[in-house]
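Colleague: Listed here are the chains, written in short residue letters.
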Amino acid sequence: GAVVSQHPSRVICKSGTSVKIECRSLDFQATTMFWYRQFPKQSLMLMATSNEGSKATYEQGVEKDKFLINHASLTLSTLTVTSAHPEDSSFYICSARRLYQETQYFGPGTRLLVL
Amino acid sequence: GENVEQHPSTLSVQEGDSAVIKCTYSDSASNYFPWYKQELGKRPQLIIDIRSNVGEKKDQRIAVTLNKTAKHFSLHITETQPEDSAVYFCAAPMNYGGSQGNLIFGKGTKLSVKP
Chain A
1 GAVVSQHPSR VICKSGTSVK IECRSLDFQA TTMFWYRQFP KQSLMLMATS
51 NEGSKATYEQ GVEKDKFLIN HASLTLSTLT VTSAHPEDSS FYICSARRLY
101 QETQYFGPGT RLLVL
Chain B
1 GENVEQHPST LSVQEGDSAV IKCTYSDSAS NYFPWYKQEL GKRPQLIIDI
51 RSNVGEKKDQ RIAVTLNKTA KHFSLHITET QPEDSAVYFC AAPMNYGGSQ
101 GNLIFGKGTK LSVKP
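These protein sequence lines are chains A and B, in that order. 1 is the number of the first residue of the first sequence in the working numbering; add one for each residue after it. 1 is the number of the first residue of the second sequence in the working numbering; add one for each residue after it.
These are computed hints drawn from the structure, not numbers from a lab. Ideal Cβ placement from N, Cα and C applies to all residues, glycine included. Among these hints, one or two may not hold up.
[Unchecked claim] Some chain A residues flagged as far from chain B (calculated, every beta-carbon gap over 10 Å):
id: 1; residue: Val4
id: 2; residue: Val11
id: 3; residue: Leu46
id: 4; residue: Glu63
id: 5; residue: Ile93
id: 6; residue: Glu102
[As the list claims (entries may be wrong)] Below, computed lysine to aspartate or glutamate pairings styled on DMTMM-like, alpha-carbon distance capped at 20 Å:
id: 7; chain 1: A; residue 1: Lys66; chain 2: A; residue 2: Glu102
id: 8; chain 1: B; residue 1: Lys107; chain 2: A; residue 2: Glu59
id: 9; chain 1: B; residue 1: Lys57; chain 2: B; residue 2: Asp84
id: 10; chain 1: A; residue 1: Lys41; chain 2: B; residue 2: Asp59
id: 11; chain 1: B; residue 1: Lys68; chain 2: B; residue 2: Glu79
id: 12; chain 1: B; residue 1: Lys68; chain 2: B; residue 2: Glu39
id: 13; chain 1: B; residue 1: Lys68; chain 2: A; residue 2: Asp65
id: 14; chain 1: A; residue 1: Lys14; chain 2: A; residue 2: Glu87
id: 15; chain 1: B; residue 1: Lys114; chain 2: B; residue 2: Asp49
id: 16; chain 1: A; residue 1: Lys66; chain 2: A; residue 2: Asp27
id: 17; chain 1: B; residue 1: Lys58; chain 2: A; residue 2: Glu22
id: 18; chain 1: B; residue 1: Lys71; chain 2: B; residue 2: Glu39
id: 19; chain 1: B; residue 1: Lys57; chain 2: A; residue 2: Glu22
id: 20; chain 1: B; residue 1: Lys68; chain 2: B; residue 2: Asp84
id: 21; chain 1: A; residue 1: Lys14; chain 2: A; residue 2: Glu59
id: 22; chain 1: B; residue 1: Lys114; chain 2: B; residue 2: Asp84
id: 23; chain 1: B; residue 1: Lys68; chain 2: B; residue 2: Glu83
id: 24; chain 1: A; residue 1: Lys41; chain 2: B; residue 2: Glu56
id: 25; chain 1: A; residue 1: Lys41; chain 2: B; residue 2: Glu39
id: 26; chain 1: A; residue 1: Lys41; chain 2: B; residue 2: Asp49
id: 27; chain 1: B; residue 1: Lys42; chain 2: A; residue 2: Glu59
id: 28; chain 1: B; residue 1: Lys42; chain 2: B; residue 2: Glu79
id: 29; chain 1: B; residue 1: Lys57; chain 2: B; residue 2: Glu39
id: 30; chain 1: A; residue 1: Lys20; chain 2: A; residue 2: Asp88
id: 31; chain 1: B; residue 1: Lys114; chain 2: B; residue 2: Glu5
id: 32; chain 1: B; residue 1: Lys58; chain 2: B; residue 2: Glu2
id: 33; chain 1: A; residue 1: Lys20; chain 2: A; residue 2: Asp65
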């Protein structure tokens with residue numbers, strides 16, 4: 001199989017606080033993990049790509065100092081939303097990919113609400 | 001870079017009818033085309049994919065066709081059932097710079113199957 005978990009599934013936080021989201025590949029080694037943001041009734045927008053052991057590559061328009069990504073092992077990547085504001089409220093989804101394979105397997109997503 | 005267009009944005013069919021969703025892409029170097037199904041509030045699930053060395057792939061009621069010359073690919077669902085109701089996304093890989101292999105998603109098609 002290819003199972004990806006994400007934690008937490010839902011988080012509510014106050015404006016100005018930081019939130020960490022974890023993405024784990026449970027039964028395979030994910031050399032590459034991706035972080036997406038999805039607004040209601042919209043498509044998946046790639047935020048950044050992380051390769052194990054190296055710095056993440058951010059898409060144009062995504063602030064790397066605001067969305068900190070760490071991919072310290074072959075099964076775990078984290079996204080930290082720093083100093084969150086209401087406009088950061090969204091559905092964040094990660095995906096993972098094996099080395100030399102194109103298929104991405106998605107996590108269940110994290111719904112973030114910043115008050 | 002890659003650009004993916006998906007049509008229609010919404011599609012309503014009667015149970016038992018067929019549904020067809022089309023996507024076009026811009027980069028002739030693209031060689032991998034997945035389709036994902038996303039139910040409300042859930043993760044995108046890979047339902048079928050095709051590589052550029054074949055023109056058609058079928059899995060039970062689902063098929064994907066690829067026309068490399070015209071740079072378009074289509075998802076075909078036959079004998080639709082209410083549980084097919086979801087948002088469907090097509091995708092194609094980015095083929096430039098450090099983002100090689102990352103996916104660009106279409107805007108999605110909301111399929112409604114009426115009993």
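Colleague: For each hint, tell me whether it holds in the structure or not.
Modeller: Hint check:
{"no.": "1", "hint": "Val4", "verdict": "violated (8 Å)"}
{"no.": "2", "hint": "Val11", "verdict": "holds (15 Å)"}
{"no.": "3", "hint": "Leu46", "verdict": "violated (6 Å)"}
{"no.": "4", "hint": "Glu63", "verdict": "holds (18 Å)"}
{"no.": "5", "hint": "Ile93", "verdict": "violated (7 Å)"}
{"no.": "6", "hint": "Glu102", "verdict": "violated (4 Å)"}
{"no.": "7", "hint": "A:Lys66 - A:Glu102", "verdict": "violated (28 Å)"}
{"no.": "8", "hint": "B:Lys107 - A:Glu59", "verdict": "holds (18 Å)"}
{"no.": "9", "hint": "B:Lys57 - B:Asp84", "verdict": "holds (19 Å)"}
{"no.": "10", "hint": "A:Lys41 - B:Asp59", "verdict": "violated (27 Å)"}
{"no.": "11", "hint": "B:Lys68 - B:Glu79", "verdict": "violated (27 Å)"}
{"no.": "12", "hint": "B:Lys68 - B:Glu39", "verdict": "violated (29 Å)"}
{"no.": "13", "hint": "B:Lys68 - A:Asp65", "verdict": "violated (40 Å)"}
{"no.": "14", "hint": "A:Lys14 - A:Glu87", "verdict": "holds (12 Å)"}
{"no.": "15", "hint": "B:Lys114 - B:Asp49", "verdict": "violated (26 Å)"}
{"no.": "16", "hint": "A:Lys66 - A:Asp27", "verdict": "violated (30 Å)"}
{"no.": "17", "hint": "B:Lys58 - A:Glu22", "verdict": "violated (35 Å)"}
{"no.": "18", "hint": "B:Lys71 - B:Glu39", "verdict": "violated (28 Å)"}
{"no.": "19", "hint": "B:Lys57 - A:Glu22", "verdict": "violated (35 Å)"}
{"no.": "20", "hint": "B:Lys68 - B:Asp84", "verdict": "violated (27 Å)"}
{"no.": "21", "hint": "A:Lys14 - A:Glu59", "verdict": "violated (26 Å)"}
{"no.": "22", "hint": "B:Lys114 - B:Asp84", "verdict": "holds (10 Å)"}
{"no.": "23", "hint": "B:Lys68 - B:Glu83", "verdict": "violated (31 Å)"}
{"no.": "24", "hint": "A:Lys41 - B:Glu56", "verdict": "violated (29 Å)"}
{"no.": "25", "hint": "A:Lys41 - B:Glu39", "verdict": "holds (11 Å)"}
{"no.": "26", "hint": "A:Lys41 - B:Asp49", "verdict": "violated (23 Å)"}
{"no.": "27", "hint": "B:Lys42 - A:Glu59", "verdict": "violated (24 Å)"}
{"no.": "28", "hint": "B:Lys42 - B:Glu79", "verdict": "violated (24 Å)"}
{"no.": "29", "hint": "B:Lys57 - B:Glu39", "verdict": "violated (23 Å)"}
{"no.": "30", "hint": "A:Lys20 - A:Asp88", "verdict": "holds (13 Å)"}
{"no.": "31", "hint": "B:Lys114 - B:Glu5", "verdict": "violated (26 Å)"}
{"no.": "32", "hint": "B:Lys58 - B:Glu2", "verdict": "violated (25 Å)"}
{"no.": "33", "hint": "A:Lys20 - A:Asp65", "verdict": "holds (14 Å)"}
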